[in-house]
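Participant: Next come the chains, spelled out residue by residue.
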Amino acid sequence: MKKLERVENLERRLFLRQGLSLGALALLAGCELTDREAVQRVLWAMSRWNDRAQAWLFDSRRLAPEYPESRITRPFPYNGYYPEARVPLIDGTKYRLELAGKIRDRKPWTLAELYALPQVSQVTRLICVEGWSAIGKWGGVRLSDFLQRVGADTTAKYVGFQCADDYYGSIDMASALHPQTILALDWDGGRLPPRYGYPLRLRIPTKLGFKNPKLITALFVTDQYPGGYWEDQGYNWFSGS
Amino acid sequence: MAKVLVHPLTVRITHWLNALAVLMMVTSGWQIYNASPLFDFSFPASVTLGGWLAGGLQWHFAAMWLLGLNGAVYLAYGMASGHFRRKLLPLSPRAVLRDIGAALRGRLSHDDPAVYNAAQRAAYLALIVCLVLLVASGLALWKPVQLHWLALAFGDYEGARYVHFFAMAALVLIVLVHVAMVALVPRTLPAMISGRARAA
Chain A
1 MKKLERVENL ERRLFLRQGL SLGALALLAG CELTDREAVQ RVLWAMSRWN
51 DRAQAWLFDS RRLAPEYPES RITRPFPYNG YYPEARVPLI DGTKYRLELA
101 GKIRDRKPWT LAELYALPQV SQVTRLICVE GWSAIGKWGG VRLSDFLQRV
151 GADTTAKYVG FQCADDYYGS IDMASALHPQ TILALDWDGG RLPPRYGYPL
201 RLRIPTKLGF KNPKLITALF VTDQYPGGYW EDQGYNWFSG S
Chain B
1001 MAKVLVHPLT VRITHWLNAL AVLMMVTSGW QIYNASPLFD FSFPASVTLG
1051 GWLAGGLQWH FAAMWLLGLN GAVYLAYGMA SGHFRRKLLP LSPRAVLRDI
1101 GAALRGRLSH DDPAVYNAAQ RAAYLALIVC LVLLVASGLA LWKPVQLHWL
1151 ALAFGDYEGA RYVHFFAMAA LVLIVLVHVA MVALVPRTLP AMISGRARAA
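Chains as they are written, first to last, in the working numbering: chain A, 1 to 241; chain B, 1001 to 1200.
For reference, chain A alone in the conformation it holds in the complex (with noise of 0.2 Å):
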C-alpha cells in the first residue's frame, strides 16, 4: 500500500511540473520552452520570500480565536493523505516521544509521563490548505512548557517532528513558543482518537492543518532547514494563520 502511495505521490510531482509548465506557457507564449524551469524558480523563490514575509507579519502575542463548544464542528471531519482505515493504531502503552537535536534532556518520554505535565485546552479552527475548515476541541501540553522542561535550546531556528506514519513536518520555533500551540493529547474531552493523531499531535491554530502533524513518535530540534512531507512538494513552509 505504501508503495502505491509513494507512485501516487510521484505522479503528483510530475503532474506538478507539467501543470506548472502549461501554465507557463500559455503566459509566456513565445518564449524558449527553458523558461519553463525559470519559472518554477521564480514560484519557488517566491514562495521561500512568503515565508519570511510571514514570519515577519507573525506577532506571537496575537491569538487565535478561540470559540464556545457549541461551535464545534460535527462530525469532525478525517483528513489525510490516506483513507482513514488506513490510520496506523499506535499501542499507548509502548509508546514513547523520541527527543532529539538541540535538546539537552533526551529522555524519552512515555504517554503517562505526558499526561502528568500541565494540560491546556482550546476549541479553536483548524484551516485546511485546501480551503475548508472546522472548529475543534484539542487538549495537551503547552509546547513551549514541554520545550523548557527539556532544556531545548529555543534560539535554534526550527522544531521539527516525525510521525508514525510516513509523515513529517517542521515549524518556526517563533511559533512554536507560541501559546497556543500544543503537544496535544486530548480531542473533544477525551483521549485523541487515532484518526485524529493518537496518541500525540500538535495542534498550532496559527497555521494551516497540514503544519498539524498527527502520530508525533519523534521531535527535534534543530537550525537545519528540515521541510516536511507537503511542504517539499510544493506547500508553502511557513503557512502562518
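Misleading hints may appear alongside valid ones.
[Said to hold, decoys possible] Simulated pairs of lysine to aspartate or glutamate, DMTMM-like, Cα-Cα distance not exceeding 25 Å:
1) B/Lys1143 <-> B/Asp1156
2) B/Lys1143 <-> A/Asp105
3) A/Lys94 <-> A/Asp105
4) A/Lys137 <-> A/Asp105
5) B/Lys1143 <-> A/Asp172
6) B/Lys1143 <-> A/Asp59
7) A/Lys137 <-> A/Glu84
8) A/Lys94 <-> A/Glu84
9) B/Lys1143 <-> A/Glu130
10) B/Lys1143 <-> A/Asp165
11) B/Lys1143 <-> A/Asp51
12) A/Lys137 <-> B/Glu1158
13) B/Lys1143 <-> A/Glu66
Keep in mind the hints are simulated off the structure, nothing from the lab.
Following the hints, put chain B in place on chain A, whose structure we already have.
Facilitator: Chain B only, in chain A's frame:
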C-alpha cells in the same frame, strides 16, 4: 486629424500589469477553489493554472504581490493626480441606466475616446471596488489570525470565502463585458497601448 493623449503612461502600464495579475490570480484561484468547492461545481482543469493545489497556491501567492503593489500605485496615482475625479466622476444612476440602455440598443457614443460614458465609469469603478474587496477578503483568508479584525468584517474565515468568491465572479463578469466592448469598438485597444487616439 491630430492625435491626443487619452491614457497617461501610468494608467497604461498599471492597466496591463493589472490584466496580467488578474489573469494569474483568477486562474490559480479557480485551481484552489477546485480543491474544496464552495458550490456544486468545479472549474474545468483546462482553465486553471498550476496543475494541482500546490502549484495553484504558488502562483496565487506570487501573483498577489504584483496585483497588490501595482494596484497601490494605480490607486495612489488616480487619487493624487485627479485622474479618478476627472475620468470617473461625476456619476449619476440615471446617466448609468441611460447609457446602458443606449449600449444595449447599439447606440452608445464613443465619439471622444478621452471621455468615458456613464456606463464605462460605473463599470470601471465597480471593477476597482471588486479588486479592493478581493484583496481585503484575500488578506483575511491568508491571515485569519494575524488580521482577525479584517476576517471579522467579512463574517470570520468562512464568510470571507464567500465574499472572495462573489467578488471574483463580479470581476470576471465585468472583465468579460469590458473585453466584448473592446472587440466592438476595436480602436480603443491601440489607444490603451500607445496612449493616443484621434481627437473627436
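Participant: Hints broken by the structure, by number, lowest first?
Facilitator: 2, 4 and 10
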